[in-house]
Amino acid sequence: MRDYLVADHLCKAFYIPDGQKVAVKDVCFSIDEGEFAAIVGPSGCGKSTVLRMLAGLEKPSSGKVMLNGEEVTHPSSSLSMVFQSFALFPWRTVLQNVEYGLELRKVPRMERRERALQLLEYVGLKGYESYYPRDLSGGMKQRVGLARALAVDPEVVLLDEPFSAIDEFTAGILRFELHQIWRKMGTTFVIVTHNLSEAIELGDKVIVLSQAPSEVKHVKHIPLKRPRRHDDEEFVAIHKSLFELLKEELNASALRRELSSMDELRRLTDIEQVR
Amino acid sequence: MAKERIRPEAVIKSKKAPFKLPNSDGLALFIILVLGWECAIQLGLMPGSILPAPSSIISDILLNKLTDASFWIRVVLSFVTLNGGILFALLLATPLAMVAGLSKRADSCMTPMVTIMGSLPDIAILPILVRWVGPGMAVAVLISSLCAFFPIFFAVREGVREIPVELVRVTEVFGSNRRDLLRSLVLPATFPKMVTGLRVAYDFVWEIVLAIEIFSGLAGLGHLIDISSKACDMVTAFSSVFVIALMSVLIDRLVFSRLEASVRRWLD
Chain A
1 MRDYLVADHL
11 CKAFYIPDGQ
21 KVAVKDVCFS
31 IDEGEFAAIV
41 GPSGCGKSTV
51 LRMLAGLEKP
61 SSGKVMLNGE
71 EVTHPSSSLS
81 MVFQSFALFP
91 WRTVLQNVEY
101 GLELRKVPRM
111 ERRERALQLL
121 EYVGLKGYES
131 YYPRDLSGGM
141 KQRVGLARAL
151 AVDPEVVLLD
161 EPFSAIDEFT
171 AGILRFELHQ
181 IWRKMGTTFV
191 IVTHNLSEAI
201 ELGDKVIVLS
211 QAPSEVKHVK
221 HIPLKRPRRH
231 DDEEFVAIHK
241 SLFELLKEEL
251 NASALRRELS
261 SMDELRRLTD
271 IEQVR
Chain B
1 MAKERIRPEA
11 VIKSKKAPFK
21 LPNSDGLALF
31 IILVLGWECA
41 IQLGLMPGSI
51 LPAPSSIISD
61 ILLNKLTDAS
71 FWIRVVLSFV
81 TLNGGILFAL
91 LLATPLAMVA
101 GLSKRADSCM
111 TPMVTIMGSL
121 PDIAILPILV
131 RWVGPGMAVA
141 VLISSLCAFF
151 PIFFAVREGV
161 REIPVELVRV
171 TEVFGSNRRD
181 LLRSLVLPAT
191 FPKMVTGLRV
201 AYDFVWEIVL
211 AIEIFSGLAG
221 LGHLIDISSK
231 ACDMVTAFSS
241 VFVIALMSVL
251 IDRLVFSRLE
261 ASVRRWLD
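Respectively, the protein sequence lines represent chains A and B. Reading the first sequence from the start, the letters are residues 1 to 275 in the numbering used here. Reading the second sequence from the start, the letters are residues 1 to 268 in the numbering used here.
No lab work stands behind these hints: they were computed from the structure. One thing to keep in mind: the hints can contain errors.
What the hints assert, rightly or not - To give an idea of the interface, some chain A residues facing chain B are shown, with a C-beta separation under 7 Å as derived from the structure:
id, residue
1, P75
2, M81
3, R134
Claimed, not checked - Partner residues are not named here, just some residues of chain A that face chain B (Cβ under 7 Å, in silico):
id, residue
4, F83
5, S85
6, P90
7, W91
8, G101
9, Y132
10, S164
11, A165
Said to hold, decoys possible - With a straight-line cut-off of 25 Å between C-alpha atoms, the simulated BS3-like cross-links for lysine-lysine are:
id, chain 1, residue 1, chain 2, residue 2
12, A, K184, A, K217
13, A, K205, A, K247
14, B, K104, A, K59
15, B, K104, A, K21
16, A, K247, A, K21
Glycine is no exception: its CB is placed at the ideal position from the N, C-alpha and C atoms.
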C-alpha cells in the first residue's frame, strides 16, 4: 500500500525558559507499506523527535501522523520501537524483557513464553534466556531490544539510532541481520540515524532532514540491489551526493557559525599584527 | 553498591541467600573479647553485680527468660511496635514519594515541608504526642512511623527520579496504562532504594521504640532494661540488650540480606 505511514506537515515546538524553541518546523514525507525508510540529518536536528511523533509518544504542535489512513494520536498496538540506549528493564531477565510487550497486551502466559523463546532464537540469543541485561554486551542487548519490539507482531517498527551505542564491527553484523529480518517479515521499518552509510545500506529511501528547525531537505530513493556493499561504485556515488547535502546543513549549523566567527576573529587579529 | 559481578549461571542456581556467618577474623576477635570479659569477672577484676559475665547472661536467658511469659510478651510488644511503625510509614511514604518523584509540581509543594520536618529530631515532639494521644501502644506506633517515614520517603523519591526516561517510553510504546506503569516500571525500579530506605528506617525506629518505652513506661524490652537497671538486676538488663541485638541481627540476616541479594542479581 502506498502512503502507508505519512508525516503531514509535522511541527514541534518546545517551551524553554526564555520563550519557545522550534525543533521541527515542517516535516512531510510518506512511507509505503513494507518499505524500509531511513531518516538522516545533522545532530540535534530533531530526527528523534520526528520518530517519537510517528510513534505517538509525542504530540505534534501542528500537523499529523497518519498510519494506514488513520491519525496516530497515542501509541498504537501496531507500532513498536527499538531504542538507542536499548532501554531494557534491568530487573527482568532476557526472556522477561522480550515478553514485556506481550504481557502488557494481556497475551496468555504460555503463549507469550513460546513467542518470546521463538524470537530469542530468531535474533540468535538462544541459551541466554535467564541472563540479566547487565551481563550482556551492547550488541546482545540490542538483539533483546529488537526481539522485544518484534514480539508484539508490529506493523511498523521504529528504530531510534539503534546501533550508535554499539561498536562498529558488531553494528555491521546487526545491520545485516536487521536487513534480513526486514526481508523475511515484510513489515515497514523506519530507522533514524546519523550514520549516512547505515541509511544507504538499509533504506529503500533516505529522508534527509535539514538542521533545526528541521524540514525535509531531500528524499533519495536507493535503487541498489540488496545486500548492499559499502565499496560498491553506485553506493559510493550516492553516499557522496547525500554527504554534500548534509555538509551544507552542517555548514549552516549554529556550531559551525560560531567556529567560523572565531576563524574570522583570528584572521582580523592576524591582519592587525601584520600592520 | 557492591560491584562484585556474579555469573548468571551461578546466580540462577543460588536463588536463596545463604545464612552467612561473619568472616572468621571478625568471629575470632568477638570470641576473644567475650572470653576476656568472662575471665575479668571470674578473676574478680570486675564485680558481677555491675557487669554480669557472658555466661550468666546466657544462662539467664536460657533458664529464666525463655520460660518467662512476661518476658516474651515484652519481646512481642517491642517487635510489634517496631514493625507496626515501619508498616504504616511504608504505606504512607511510598505513594507520597512516588507522587513527588513523578510530578515536579507535587514535589515542589511537598518536599520542602517534608525536608524541614525530617530534619527535626523526632524525640523533640515525643512529649507533645504523649500529651495528645496518651501513653500507650498508639503513641509508640505513631512516633515510630513518623520516624520511619522520612528515610523511606526520600529513598523512594530518589528511586523514582532516577528512572531513565527511555524506560518510561518503553512502557508507553507498548500501550501501558497508569496501573501498568506503576506495577511494571515504578515499583520494580524503586525497589532497591526502598530496601535501603527500610534498612535506615529500622535502625532509627529501634532507637525510638526503646526511647519511648523508657520514657513512658510502656511494657517492652526498653522498659525492662530501665526497671531492672534501677532495681540493680543487671543480668536481666543485659539479657534484654542481648535479645535486642539478636533480633536486629536476625532481621538483618533473614530480611535485608535476602532482599539485597535479590536486588544484586540484576543491579549494575
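Taking the hints in turn, this is what the structure says about them:
With 7 Å as the threshold, the beta carbon of A:P75 comes within range of chain B, its nearest partner Cβ sitting at about 5 Å, so the hint holds. Contact between A:M81 and chain B, as hinted, is supported at the beta carbon level, the nearest pair being about 5 Å apart and thus within 7 Å. The criterion of a C-beta within 7 Å of any C-beta in chain B is met by A:R134, whose closest approach is roughly 5 Å, and the hint holds. About 5 Å separates the beta-carbon of A:F83 from the nearest beta-carbon of chain B, less than 7 Å, and the hint is met.
The interface hint given for A:S85 is met, as the beta carbon of that residue sits about 5 Å from the closest beta carbon of chain B, less than 7 Å. A cut of 7 Å between beta carbons decides the hint on A:P90: the least distance to chain B is about 5 Å, and the hint holds. Contact between A:W91 and chain B, as hinted, is supported at the beta carbon level, the nearest pair being about 5 Å apart and thus within 7 Å. A distance limit of 7 Å between C-beta atoms decides the matter here; for A:G101 the minimum to chain B is near 4 Å, and the interface restraint holds.
Hint on A:Y132 holds. Least Cβ distance to chain B is approximately 4 Å, under the 7 Å limit. The beta carbon of A:S164 is not positioned within 7 Å of any beta carbon in chain B (closest approach about 14 Å), and the interface hint is therefore violated. Interface restraint check for A:A165: the shortest CB-CB distance to chain B comes to about 11 Å, outside 7 Å, so the restraint is violated. Proximity of A:K184 to A:K217 is assessed by CA-CA distance (about 31 Å); at most 25 Å being required, the pair is judged violated.
For the hint pairing A:K205 with A:K247, the CA-to-CA distance comes to about 19 Å; that is within 25 Å, so the pair holds. About 20 Å separates the Cα atoms of B:K104 and A:K59, which keeps this hinted pair within 25 Å; it holds. With a CA separation close to 21 Å, the supplied pair B:K104 and A:K21 stays within the 25 Å bound. The straight-line distance between the Cα atoms of A:K247 and A:K21 is roughly 23 Å, inside the 25 Å bound, and the hint therefore holds.
Taken one by one, the earlier hints fail for this structure at numbers 10, 11 and 12, listed in ascending order.
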